[in-house]
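Colleague: Chain residues, written in single-letter form:
2 protein chains.
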Amino acid sequence: MADFKYEIVEHIGTLSESAKGWTKELNRISWNGGEPKYDIRDWAPEHEKMGKGVTLSEDEMAKLKDLL
Amino acid sequence: MADFKYEIVEHIGTLSESAKGWTKELNRISWNGGEPKYDIRDWAPEHEKMGKGVTLSEDEMAKLKDLL
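Just so you know, the sequences run in chain order A and B.
Residues in the first sequence are numbered from 1 upward in steps of one, following the numbering used here.
Residues in the second sequence are numbered from 1 upward in steps of one, following the numbering used here.
Please keep in mind that the hints were generated in silico from the structure rather than gathered at the bench.
Since the structure is predicted, the reported quantities are computational estimates derived from the model, not experimental observations.
Please note that the accuracy of each hint is not assured.
Identical copies go unnamed one by one, so any copy, or any two together, can satisfy a pair.
[Said to hold, decoys possible] Quick list of in silico lysine-lysine cross-link-like pairs, DSSO-like style, CA-CA up to 27 Å:
| hint | residue 1 | residue 2 |
| --- | --- | --- |
| 1 | K65 | K20 |
| 2 | K20 | K63 |
| 3 | K63 | K49 |
| 4 | K52 | K65 |
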């Protein structure tokens with residue numbers, strides 16, 4: 001997989017934690033130095049691994065908020 | 001990749017649409033006949049392909065709502 005850089009600019013909250021200590025989190029993440037985006041994904045206990053997830057722009061997050 | 005079945009039980013809404021017609025959607029999906037779960041992911045125009053995404057339980061979605 002291509003190498004990439006990421007920075008968790010803001011940890012907004014944890015949605016759940018699995019028995020194995022993996023956490024599903026809502027964060028704002030800057031990918032490869034880009035503009036931070038909302039991000040919902042699973043993380044290993046020490047954040048040493050990340051699972052599949054989804055990034056959401058400001059507009060997408062605003063729309064999601066409307067739908068909930 | 002292992003074969004799996006899914007059914008979009010409820011299309012709740014579309015968060016965005018890309019220039020290529022892919023849509024980022026919030027749905028409730030039953031995977032392999034299981035209990036429907038919330039699901040945020042990208043879909044090809046005719047839903048013939050799905051992108052990476054995240055599934056959320058009722059509790060996780062409630063927590064996400066609190067955080068927004």
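Colleague: State the violated hints by number, sorted upward, taking the hints as numbered earlier in the document.
Modeller: none
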